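Chemist: The lines below spell out each chain.
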Amino acid sequence: MQAKTFTMADLVRYTLVIALLIFFLFPIYWMVATSFKPPPDVLTRPPKWTFEPTLVNYIYAFEEANFAMFIKNSLIVSLISTILVLVAGCLASYSFARYNPGAGHLMFFILTTRMMPAIAVIIPFFVIFKTVGGTAIGRALSLGLDKPGALVVCYTVINLPLAIWLLHSFFQDIPVELEDSARLDGYSRLQVLWRVVLPLAAPGIAVTAIFCLLFSWNEFLFAFLLTRDVARTITVGVAGFWTQRGILWGPLSAAATVCVVPMMIFALLLQRYIVRGLTFGAVRG
Amino acid sequence: MDMTGKKAPAEGKVRKRAISDVWYSVLLITPATLIILFFALFPLFYAINLSFRHVDLTSAVGIGPYVGLDNYRFALNNKIFWESARRTLIFAVGAVSIELVLGVAIAFLLNQLRWFQGIVRSLLILPIASAPAAVGLVWRYMYHPDFGVYNGILAALGLPEQNWLGDVRLAMPSVIVFDVWQWTPFVALIVLAGLQSLPKEPFEAAELDGASTWQVLRRLTFPMLAPVLTLVFVLRAIDAIRLYDAILSLTHGGPGTATETLTYHLYRIGMKYFRLDHASAISLLFLYVTVVFTLVALRSMMRVQAERARRA
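Going line by line, the protein sequences match chains A and B. Per the working numbering, the first sequence runs over residues -8 to 276. Per the working numbering, the second sequence runs over residues 1101 to 1412.
Extracted from the complex, chain B is given alone in its bound form (with noise of 0.2 Å):
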């Protein structure tokens, strides 16, 4: 077993260890395991002591004195947080619905195809790859009320012009439709992939059986799809709770505070009005749901990774 045809040494025997299979795969990880430590345990015990003092940036106080709960409270009682709380979940729910619906029936239809499957396929990529930030300023252009495509197909088509961005119902829709336009295709491809590597003889024995399209969908197909269709849900639900880049590039929160999600509204606070103790608790308060979410949703990652290691 020579890759690269240098000398191999003496043969035969195994080499004697220095140290230890478990001292070794230690040490492979420890690099890595410092950088992930160091960087998610030290800004978070920042921010919790930040949460417990009276922070303000912009006036003399800078970093002060502790304050026990208030900070909390504050977040707790303010209407504005519970407003932002509420627009992230319509907006999550909003978009990963239709990005599922939208997703599953396009791998079905690709799926169904007999030529370009591989074009198509490769076609869905490119809104993917492209930097949110980037594609999101060129979204508002199209949106524009006056100069934008959108608009101009409307009245090529004699219906009624909208103001897409700026008017107060809209508004979210709108960047509902960008986020359903960017990663609908991340569902498809997955789902997809998921389709095409179901096992054949399930499917032959109950075409033998005489089974109806549907029960095939509902007793074979769905059930076997679940682990991925899970899995794509879990992780466009933690992408949809965080979305910023789309925020701020559409529409910056507005008009006025329609689009004002949970990350734009810490963005606000934090990095706007400098006020740390409030942007701090907030955003602990907001880890904590994700990250329950996360540790409670993840584990149907685990799961989709299992059932491969058994089928393999």
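Extracted from the complex, chain A is given alone in its bound form (with noise of 0.2 Å):
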């Protein structure tokens, strides 16, 4: 380790550093600052730096908007679709891990779909969900057109791939060793995964759990396009500030704020594990 000292070059990369950051930070304190200002002051020609902060923009979406029931949406959807993708992820991915079914073959062909480009099988989603909406099973599951059921199928097709991925690489860190010795301690198989495998991967359940929650959250083409009105999520919510008259800047500023900062939180929670989360478990942090 070099002295503790600033150098010339320490001096260039932290102005670098600071230029960079105010890149990258800069729309997002745009968009929060957007949020309180006054409605007069979020019009202005130039645009005003300073101002007196009201919660005007919050309320109007909130009451105006009915915004709290997108959040309610997304949360149902994403927390629904989290834990199916969880469950059948565990299991699938455990056995990937163990027991390698397919020869690696299969597992590729799951990572796969999940690079399928969405808009291209969305029609059939769409037509699938018009026709099964009509049906006495469709309006038991809630999975029709603008449910919030054909959402949680969606969001659960498209983070399984994510999840076994993940998962695998934090089942892999599991001694096998462990596993056998719980063997021959009686436990059944079934008794390994449950007792032995799974509060030992549980960190990585968590982290696969938060990436799941903020890809769902974050979604907006299936949202966009298999909702209407009753299930919309937060993301189409945000964008409804768009409306017929013209673009409501204020509330869709504090709408996106309400929408961007709990992932943020959740982002700096996972910082660990966001590399490993970003490149499905291939790169660790």
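Please keep in mind that the hints were generated in silico from the structure rather than gathered at the bench. Just to be clear, a hint being listed does not mean it is correct.
As the list claims (entries may be wrong) - Quick partial rundown of chain B residues pointing at chain A, CB under 7 Å, derived from the structure:
{"id": "1", "residue": "Leu1128"}
{"id": "2", "residue": "Phe1208"}
{"id": "3", "residue": "Ile1225"}
{"id": "4", "residue": "Pro1260"}
No experiment lies behind these values; they were computed from the predicted model shown. Here a beta-carbon is modelled for each residue, glycine too, at the ideal position from N, C-alpha and C.
Once you've looked at the hints, go ahead and assemble the two chains, each given alone in its own frame, into the complex.
Modeler: Below is the structure:
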């Protein structure tokens, strides 16, 4: 380690770092600042840098635009799909890590499905949900268009490949010897999975859960095309401020802030694992 | 080995297996595989079926008779299709190359920081975590020709103001800048993780041998980083050609069709004009290209995994 003095090179480096941080953080600052601006200050030329902070934009978003409903929808859809993904994902991923069925090909196929452009499969999805929504089963499971069940299905399908790959990297870290000795102690294979493997993989499962929540919460395309009204999620709700009469920038910034900030906090909590999650477990941070 | 403190079953022998390991492993993957197969294959076959018929949901025809390869012929002979494909390529090449160069540079810069490295790294996560559809709209506001902050800054500096998203030549670069803002940190963080996991010994040896910085970079750092760089390139490229949220919130494909990429073109034909036959044919062509690219490119992901397993 070099001496802890501030050198000329450091000065250059930190100047660059500050410039970078301004570029990457300024839009977030501007979003939050706009959300607290009084309506007349939102549309000024040139834009105002100082203003009297107010909550009117938030009040408008929640009282006029029913934003609480979008948040509720997003929460329901994200949570249920995440639970489904974790159950199916843990079983499959453990099996891949321990027994490798399909010799890698099946797991690879699963990854490729994640890379499909959503827009290319949206028409069949649209027709499926339109058809199923009219049937008794569809109504019971709320699977039709503009129903939360439809989005739960979509997000489960989208997030499963991510979960399987990410969990795989965590399951691989668990020494097989632990499982073997538990087997020698007379545990059945399912007991080994439930009592030994899953508790040891708990951090990985938590990380996977947060990534699934993040992707479901941020998803826009399916939510936009498969919902109309009562099942709209938060991202579609934000876009809803783009109205016939123009874009309501103040309430929109408030809504965007409500949408974005919780996920930023999640990401900060996750930061040790963020690289691992974003690369489907391939690179460790 | 008792994790819960409950009474352990009889010790000393492995309980008799009701089913073999193979069946057990297949049983475990069944739920996930069924979900994925059903929802990957059903839409695929459905789209294939539609792509060979005449389908127009806005007319009385509805889902009409089979028309052979007409829809594919229509797509491939359609100038608008090729133009949107070209724009997709321009966007992907532009955005991904800037993100890679800038991201790698930032990774090297962060790796040399002696103070606050952790904080800077955390702050860079923020753009990645934000929903593109939501921040895209915020950027639309910032790009606004009259009330936008970017023109405000230009004016304050005495520079000419721009119509960022309304000018045919500027619209695509503006969308690219948005993508660069959101995804450069992704590249930087992954490359940084790659840099920090490189073994120390070869570098110490090179220093003893008096190798120049350039030689070390060319002979050691980049070859050893290659799997991570390939991976990050593949992930970014796949996402860039699928770009949709940003286009919808920033430009709606405009001005005119200046930023209409393939995904937006598909959206317009399928979900606005309800010509599901043309849309299906185009999406299958698009799907075919992305799947081939993915199959080839993702092998690198497998290589990174194998590399890690070997090192462990």
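Chemist: To test your reading of the hints: which numbers does this structure violate?
Modeler: 2, 4
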